[in-house]
Amino acid sequence: MSQSCYHCGEEVPVDTDHSVEILGKQRSMCCPGCQSVAQTIVESGLVSYYQYRTAPADKADIVPEQLAQLTHYDNDEVQKDFVIEHNGSKEVTLSLDGVSCAACAWLIEKRLSKHLGVMSIQVNTSTHRALLKWDPLQVTLSELLTEIQHLGYKAAPFEANTQETFYQQSMKQYLYRIGLAGLATMQVMMLAVALYFEVFGDLDTSFRDFFRWVSFLFATPVLLYSASPFYVSAWRSLKARTLGMDVPVSIALIFAYVASFVATVTKQGEVFFESISMFTFFLLVGRFLEMRARRQAAAASANLLKLIPAMATTLDGENIAVSALKPGQRLRVRPGEHIPADGKIIAGNPHVDESMLTGESMPIRKSIDQYVYAGTLNKQEAFEFEVTHTKMESRLASIVRLQDEAQMSKPKIAHIADVVARYFVAGILIIAAMTWFYWHQHQPEDAFWIMLSVLVATCPCALSLATPTAITCSASQMGKLGIILRKGHVFETLCEVNHLVVDKTGTLTHGNVSISHTQTYSGWDESSVLSLAAALEAYANHPIANAFSEYFDSSIQLDNVENLIGSGIQANYQNQHLRIGRRAFAAPYLEESFESSVYLSLDGKAIARFDYHDPIRDDAKPMIASFQALGVKVTLLSGDNSENCHRVARETGIEQVVSAASPEQKLAYLQQMPAESVTMMVGDGINDAPTLAGAHLSVAMGGGTDIAKSSADMVLLGDKLSQLIKARELALKTRTIIRENLAWALGYNALVLPLAVCGWIAPYFAVLGMSVSSIIVVSNSLRLLKQVEKR
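Each residue of the sequence shown is one higher than the one before, starting from 1 at the first, in full-length UniProt numbering.
FYI, nobody ran anything at the bench for these hints, they're computed from the structure.
Quick reminder that beta carbons are idealized off the backbone N, C-alpha and C, glycines included.
Derived pair list, reagent style DSSO-like, types lysine-lysine, alpha-carbon separation capped at 30 angstroms:
{"no.": "1", "residue 1": "Lys480", "residue 2": "Lys733"}
{"no.": "2", "residue 1": "Lys733", "residue 2": "Lys487"}
{"no.": "3", "residue 1": "Lys239", "residue 2": "Lys133"}
{"no.": "4", "residue 1": "Lys326", "residue 2": "Lys344"}
{"no.": "5", "residue 1": "Lys90", "residue 2": "Lys110"}
{"no.": "6", "residue 1": "Lys480", "residue 2": "Lys366"}
{"no.": "7", "residue 1": "Lys633", "residue 2": "Lys621"}
{"no.": "8", "residue 1": "Lys133", "residue 2": "Lys487"}
{"no.": "9", "residue 1": "Lys487", "residue 2": "Lys621"}
{"no.": "10", "residue 1": "Lys480", "residue 2": "Lys786"}
{"no.": "11", "residue 1": "Lys480", "residue 2": "Lys379"}
{"no.": "12", "residue 1": "Lys487", "residue 2": "Lys90"}
{"no.": "13", "residue 1": "Lys487", "residue 2": "Lys110"}
{"no.": "14", "residue 1": "Lys633", "residue 2": "Lys487"}
{"no.": "15", "residue 1": "Lys786", "residue 2": "Lys487"}
{"no.": "16", "residue 1": "Lys733", "residue 2": "Lys786"}
{"no.": "17", "residue 1": "Lys379", "residue 2": "Lys344"}
{"no.": "18", "residue 1": "Lys366", "residue 2": "Lys344"}
Derived CB-CB ranges, DEER-like:
{"no.": "19", "residue 1": "Ile254", "residue 2": "His440", "range": "11 to 21 angstroms"}
{"no.": "20", "residue 1": "Ala324", "residue 2": "Pro136", "range": "18 to 28 angstroms"}
{"no.": "21", "residue 1": "Val232", "residue 2": "Gly179", "range": "14 to 24 angstroms"}
Kindly generate the complete structure, drawing on both the sequences and the hints.
Here is the structure:
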């Protein structure tokens with residue numbers, strides 16, 4: 001007898017043997033294609049597709065909508081909206097559904113990190129996001145999303161608007177569950193009070209049994225619907241052979257319900273229906289408030305992305321989706337509109353509010369050929385600009401990625417808290433079992449509810465939230481200060497810094513270098529030497545090099561250009577050797593010495609000297625004085641000549657100066673410091689990158705090079721040095737908040753555990769205490785969100 005393919009419905013050939021286990025049975029398939037698709041559906045946890053479909057699928061090419069969405073994420077055009085590529089790898093920020101505690105994050109990180117092709121995975125329980133980096137040659141994004149689904153969580157590329165919709169849906173579901181649990185609690189408590197105080201004590205026992213059955217009817221939907229998120233989370237943990245904080249909660253609920261049902265049926269023993277309903281109600285209220293607080297802490301980066309408008313206006317007046325913009329397109333921005341993309345102004349002189357990027361509240365006057373950034377606000381006149389970067393490559397998007405990366409990079413204390421929380425659950429389960437055994441021997445009628453109190457009162461929710469919520473809030477505030485964090489150790493290290501090392505050009509000085517005087521030699525004219533210098537300096541990215549940009553002449557051709565970092569640049573020009581840089585590099589035989597000069601030579605003969613001027617930042621001296629007042633030693637470490645360095649040091653109050661240092665010498669200076677020194681290096685140039693990487697804590701100026709910023713732990717977007725003092729104050733406050741959170745969480749459990757074991761805490765008081773403990777920790781962390789406003 002012929003069989004039909006379970007997937008597509010076509011006849012299965014007699015000589016084939018393709019099958020997949022679906023809904024507990026082996027189902028025949030007509031071909032390898034149908035077998036592969038069906039197996040993918042099953043492995044993706046989408047087997048319900050077969051239960052609810054109304055017709056067979058087309059042959060080997062139709063899959064459920066959910067799975068189709070996952071495979072669409074592998075499309076290169078689709079990935080342009082959310083995937084970043086660098087050095088052959090890909091990186092994406094994912095939104096996660098179902099992550100409730102540190103154990104969930106640990107489970108996802110552990111499973112994904114072992115998957116072929118995954119380079120790194122970091123999960124943030126506060127923002128419910130994950131930062132995933134993978135090798136596209138070894139694994140596809142849809143495979144990794146499917147792997148996360150196998151663990152019981154849903155994952156999709158993060159989008160601010162989608163995240164907001166998901167949050168609203170989650171909150172609505174929680175309100176439904178809370179409402180049902182609250183109504184049931186009120187009804188069951190009325191019956192429980194009547195039974196406890198024997199208001200109906202003179203009635204027949206049949207009425208008592210009747211009230212128990214009514215309580216059972218009210219408590220059942222609470223257990224099955226309102227409390228279902230706890231069971232789902234617990235099941236994920238157990239399936240992955242780990243212990244999350246919802247495991248003891250679920251055990252307590254199920255045990256209490258089963259024991260109460262047995263007591264109701266047998267008419268012997270106590271019932272706990274009121275405790276079940278109240279427990280669930282209080283726990284849901286606590287989770288609801290916790291979700292709102294955590295969302296407030298995590299909303300900063302999502303709100304930044306919302307500043308980028310969905311539509312842009314072309315010069316012809318047409319509306320075009322921002323996601324479809326490409327470099328080279330020209331757009332118009334009206335007054336009061338947010339700028340849709342990064343670009344260069346081609347017409348107009350607008351005042352632009354860039355406070356969301358730099359923390360600077362005053363609008364900045366822009367002119368033609370200057371750059372504007374996506375998400376910033378055009379305050380006054382309309383202007384036109386040319387797009388230079390797509391939405392995903394915009395400065396705002398890169399800032400959000402850096403913020404997410406910093407929040408997902410856990411400090412040492414967070415790792416310790418996560419490990420303690422996991423082992424704490426195991427310890428609580430053992431203690432609860434021992435408590436039941438002891439009381440069952442001495443006071444069996446109370447053994448069960450005492451065990452429930454132990455399970456509930458000591459749930460490590462607060463311990464799991466103690467560090468991540470504080471880090472998330474503090475990272476948000478750093479963003480308001482115009483500081484982007486790139487590493488998780490910043491908060492810890494910033495508190496311990498005792499030696500500040502600063503670069504000069506572009507750090508203590510503005511870096512807006514201008515050529516103040518040109519001295520020519522050997523009969524050369526000023527225009528020619530400036531053009532030659534500009535041609536060489538075009539191969540450098542340094543404030544002094546930028547000073548020559550206005551003299552660039554594209555007709556000058558150079559060969560074999562070599563940038564000798566820390567010395568200068570050399571090249572071949574018309575079969576002659578051209579050099580620009582320090583006197584010792586370009587014109588060592590000259591006896592003259594000037595504070596702020598670079599030299600140009602041709603075939604070893606000096607042809608020009610360029611004197612430049614670079615003003616000191618207004619806030620450099622106050623910043624140095626503030627650190628010195630805190631007992632922090634300050635050193636000026638620069639590659640510039642001694643005269644320039646000592647002049648700047650005198651004006652800023654720095655006593656120790658190391659000048660004319662090459663990148664290797666800068667790094668060696670840091671490495672030879674005493675072991676007790678905790679250094680913070682502030683720099684901006686390409687020659688600062690090795691030093692930034694070698695310091696305990698490094699800060700790159702926002703106007704510096706990409707290499708410097710990629711080597712740094714922090715990026716100072718607005719180049720306001722005074723913000724570093726505020727950052728240190730915030731780090732100290734963050735450390736205090738984390739210590740307070742951990743002290744409260746551990747102290748609460750140390751206090752409540754013996755009370756619960758002794759039977760002095762009723763189950764409903766236990767759940768109330770546990771919920772309040774978590775809310776206190778989150779609320780304490782939210783105090784950090786007020787720190788910037790108070791300054």
